[in-house]
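Peer 1: Chain by chain, the residues run as shown.
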Amino acid sequence: MSLATLAPSTGNPFAPSDFERRKLRAVTRNKWIMFACCAVLIIPLLLILTHIFVQAAPVLSLDYLWENPSNKGKSGGLWAPLIGTIYLVVGSLLIVTPIGIFAAIYLNEYAKDGWINRIIGITVTSLAGVPSIVHALFGLGAFVLVLLPGINSIVADPKDPDTLWQAGLLTASLTIAVMNLPVVITSTREALGAVPLAFREACWNLGATRWQTIRTIVLPNSLGGILTGIILVVSRAAGETAPILFTGATFFKFVADSGMDKVFPYNLREPFMAMSMHLNIISNQISQMPDKMKFGSAAVLIALILVINSFSIVLRVWLRARKRW
Amino acid sequence: MSKLVAPHRAKEAGYISTPQMTKPRGSGPSRARFQLLDRLEKPIEWLIRACGWSSIIGIAAIFIFILKEAAPMVPKLDWIYFFTNSRWIPAPGSGNEASFGALALITGTFAVTGISLLLAVPIGLGAAVYISEFAQGKVKETLKIVIELLAAIPSIVWGFIGLMVLGPIVKGVFSAPVGSPWAHTMQFLHLSSGDAGAAQGTNLLTGGIILALMSVPLIVSLSEDALRAVPDTFREASLALGANQWETVRRVLFPAARNGLLAACMLGMGRAVGETMAVLLATGHSNRIPHALTDPVRTMTATIAAEMGEAVHGDAHYGVLFILGIVLFVVTCSINVAADLIIKGVKGKTS
Numbered sequence: 001m002s003l004a005t006l007a008p009s010t011g012n013p014f015a016p017s018d019f020e021r022r023k024l025r026a027v028t029r030n031k032w033i034m035f036a037c038c039a040v041l042i043i044p045l046l047l048i049l050t051h052i053f054v055q056a057a058p059v060l061s062l063d064y065l066w067e068n069p070s071n072k073g074k075s076g077g078l079w080a081p082l083i084g085t086i087y088l089v090v091g092s093l094l095i096v097t098p099i100g101i102f103a104a105i106y107l108n109e110y111a112k113d114g115w116i117n118r119i120i121g122i123t124v125t126s127l128a129g130v131p132s133i134v135h136a137l138f139g140l141g142a143f144v145l146v147l148l149p150g151i152n153s154i155v156a157d158p159k160d161p162d163t164l165w166q167a168g169l170l171t172a173s174l175t176i177a178v179m180n181l182p183v184v185i186t187s188t189r190e191a192l193g194a195v196p197l198a199f200r201e202a203c204w205n206l207g208a209t210r211w212q213t214i215r216t217i218v219l220p221n222s223l224g225g226i227l228t229g230i231i232l233v234v235s236r237a238a239g240e241t242a243p244i245l246f247t248g249a250t251f252f253k254f255v256a257d258s259g260m261d262k263v264f265p266y267n268l269r270e271p272f273m274a275m276s277m278h279l280n281i282i283s284n285q286i287s288q289m290p291d292k293m294k295f296g297s298a299a300v301l302i303a304l305i306l307v308i309n310s311f312s313i314v315l316r317v318w319l320r321a322r323k324r325w
Numbered sequence: 001m002s003k004l005v006a007p008h009r010a011k012e013a014g015y016i017s018t019p020q021m022t023k024p025r026g027s028g029p030s031r032a033r034f035q036l037l038d039r040l041e042k043p044i045e046w047l048i049r050a051c052g053w054s055s056i057i058g059i060a061a062i063f064i065f066i067l068k069e070a071a072p073m074v075p076k077l078d079w080i081y082f083f084t085n086s087r088w089i090p091a092p093g094s095g096n097e098a099s100f101g102a103l104a105l106i107t108g109t110f111a112v113t114g115i116s117l118l119l120a121v122p123i124g125l126g127a128a129v130y131i132s133e134f135a136q137g138k139v140k141e142t143l144k145i146v147i148e149l150l151a152a153i154p155s156i157v158w159g160f161i162g163l164m165v166l167g168p169i170v171k172g173v174f175s176a177p178v179g180s181p182w183a184h185t186m187q188f189l190h191l192s193s194g195d196a197g198a199a200q201g202t203n204l205l206t207g208g209i210i211l212a213l214m215s216v217p218l219i220v221s222l223s224e225d226a227l228r229a230v231p232d233t234f235r236e237a238s239l240a241l242g243a244n245q246w247e248t249v250r251r252v253l254f255p256a257a258r259n260g261l262l263a264a265c266m267l268g269m270g271r272a273v274g275e276t277m278a279v280l281l282a283t284g285h286s287n288r289i290p291h292a293l294t295d296p297v298r299t300m301t302a303t304i305a306a307e308m309g310e311a312v313h314g315d316a317h318y319g320v321l322f323i324l325g326i327v328l329f330v331v332t333c334s335i336n337v338a339a340d341l342i343i344k345g346v347k348g349k350t351s
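First to last, the protein sequences are chains A and B.
Okay, so the first sequence: first residue is 1 according to the numbering used here, each after it adds one.
Okay, so the second sequence: first residue is 1 according to the numbering used here, each after it adds one.
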């Protein structure tokens with residue numbers, strides 16, 4: 001061995017060579033670059049959100065949430081779109097939750113690993129990737145143009161236009177439900193898959209049937225996970241705009257200022273207002289809209305979504321902390 | 001012992017209690033409900049099986065109903081013109097006849113998607129590697145939660161941010177007095193096409209940045225899944241051979257997770273192609289092929305969203321908008337199915 005390859009005789013013989021030092025520096029540098037990638041995502045976003053809330057500050061108050069919009073949204077509050085969004089979320093959840101959970105049970109507990117299961121898996125992924133505007137076209141073609149005339153031919157009185165079913169809460173909820181179906185299926189399936197097989201085997205060995213096992217063992221043990229997924233669907237349903245553009249959302253619908261009609265203003269067969277639609281229209285289609293009204297509406301929608309999502313995150317952390325297996 | 005004793009004696013001795021059937025105990029109604037649910041097993045099983053098919057029914061229904069609305073226009077449309085011309089005049093006016101050339105819309109869609117991918121892929125992969133391999137403890141949890149919240153912000157809010165916050169910033173950066181060096185540089189580098197810089201704040205670049213911010217969370221979470229799926233023995237083997245953390249990432253983890261990372265980027269692209277409300281508000285909505293970075297553009301999705309309200313049910317314009325929907329549907333579906341097959345390929349290989 002030649003002397004040249006040995007470490008310099010002065011000082012520590014284990015000191016890193018220049019080559020090693022360069023490599024270590026590269027690690028540190030790349031680590032900082034990757035940290036910067038995270039920072040680039042987060043810091044501008046925080047600045048933007050702060051900007052929105054600061055701009056919205058002059059209008060934000062409880063009255064802003066409780067009053068109805070007036071003068072094309074140039075003044076007043078947000079009550080009518082807010083309650084419309086709540087109606088839409090509840091309506092679409094009522095449709096999508098049972099179907100999605102049952103479908104996930106089928107995929108996780110019943111289906112054998114075969115080509116049918118594979119095809120269903122692929123359709124779930126592709127359904128999740130269908131653009132929201134295509135869902136809107138589907139809602140228009142299937143629900144507004146086919147389902148509603150069907151309903152009208154059965155229940156509506158041709159002489160009385162008040163009994164006619166229009167594109168409204170029903171069609172919009174159905175469209176949003178179809179859109180969220182793959183989300184519910186995927187998250188529920190993950191939750192069901194997290195229940196260990198040993199739990200099921202123990203139950204089967206006691207003589208329980210498949211359905212009894214699902215009902216008494218699998219579902220109770222995965223309830224938290226399922227709920228987390230449902231909450232995420234709530235936030236998606238509340239924020240979506242494109243699917244309800246042509247399927248029932250409207251910019252203005254009269255809502256009473258007091259009484260029971262203020263709390264229950266909409267019914268299934270009439271158009272309704274929604275937060276996302278309201279923000280869409282006031283932010284670029286009405287001239288001379290005061291900036292604070294735009295920012296106020298955006299701030300309330302962001303706050304709504306973030307609060308719903310925080311629920312989901314807190315629930316998940318809590319569940320992980322008390323997980324028993 | 002008890003076998004040795006005659007039954008009658010055993011009874012006297014108290015070894016065996018008298019066998020007798022007792023009614024099952026327990027609170028009445030809940031037990032009845034229990035039995036009712038058990039008796040319903042068969043129908044519920046059928047219901048579950050039927051719901052299992054819901055996603056197939058859903059995707060088939062979407063295709064059928066959109067095709068049904070587009071069908072009258074399919075034979076009438078000049079398809080070559082549709083894909084190669086950019087004259088999009090949906091409402092015939094004086095001196096203008098209706099013309100459906102979607103080239104500019106298709107170009108616009110892919111230009112915005114390309115810009116967003118250029119920004120989102122490096123940032124997304126970097127953030128995913130940091131979260132998965134370098135960050136620890138509280139930092140890791142916080143970053144994951146923030147990325148999740150980023151994914152939750154609705155597209156209309158992103159559009160609003162593009163229109164009201166980012167747009168003015170982009171316009172400020174890319175505008176200069178006519179004839180100034182910066183204006184010349186911008187024109188020379190194709191940063192802007194006007195001689196005073198960007199004409200409006202909502203343009204290709206703004207839309208691309210907004211779309212990048214929207215698709216990054218998806219890319220990050222999917223890439224992180226792919227990196228986590230690489231077994232720890234790979235990392236340990238690499239570190240044991242003397243490679244440091246970065247070399248492990250570059251030479252071991254990237255090749256091992258290649259397919260997963262590719263699929264993540266493809267799904268991010270699928271999301272960017274199909275995004276509607278954000279590009280409607282943030283890209284400027286101008287029907288022409290972009291020549292510079294800050295030219296306003298218009299996408300297929302935004303066109304459908306903006307014009308469907310005015311189209312009359314059954315006329316040519318209405319049918320063509322549905323045909324645009326079919327094009328979008330086919331493009332995004334093929335991206336998603338391809339990504340799915342790539343991921344499944346990974347699973348098949350490592351297991």
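The hints are simulated quantities; they were obtained by calculation from the structure and are not laboratory data.
Check each hint, because a few of them may be wrong.
Derived BS3-like pairs (lysine-lysine); straight-line CA-CA distance at most 25 Å [said to hold, decoys possible]:
(1) A:K323 to B:K138
(2) B:K344 to A:K31
(3) B:K171 to A:K323
Chain A residues, not near chain B, derived (Cβ > 10 Å throughout) [stated by the list, open to error]:
(4) L60
(5) S70
(6) G76
(7) L137
(8) V218
(9) N284
(10) A298
Note that CB positions come from ideal geometry on N, CA and C, so glycine has one too.
Peer 1: Confirm or reject each hint.
Peer 2: Against the structure, the hints:
1. A:K323 to B:K138: With a Cα-Cα distance of about 20 Å, the restraint between A:K323 and B:K138 holds, given a limit of 25 Å.
2. B:K344 to A:K31: violated (31 Å)
3. B:K171 to A:K323: violated (52 Å)
4. L60: holds (16 Å)
5. S70: About 21 Å separates A:S70 from the closest Cβ of chain B, which puts it past 10 Å; holds.
6. G76: holds (19 Å)
7. L137: Non-interface label fails for A:L137: nearest chain B Cβ at 4 Å, not farther than 10 Å.
8. V218: holds (12 Å)
9. N284: violated (6 Å)
10. A298: Non-interface label fails for A:A298: nearest chain B Cβ at 5 Å, not farther than 10 Å.
When the structure is compared with the earlier hints, violations turn up for hints 2, 3, 7, 9 and 10 and for no others.
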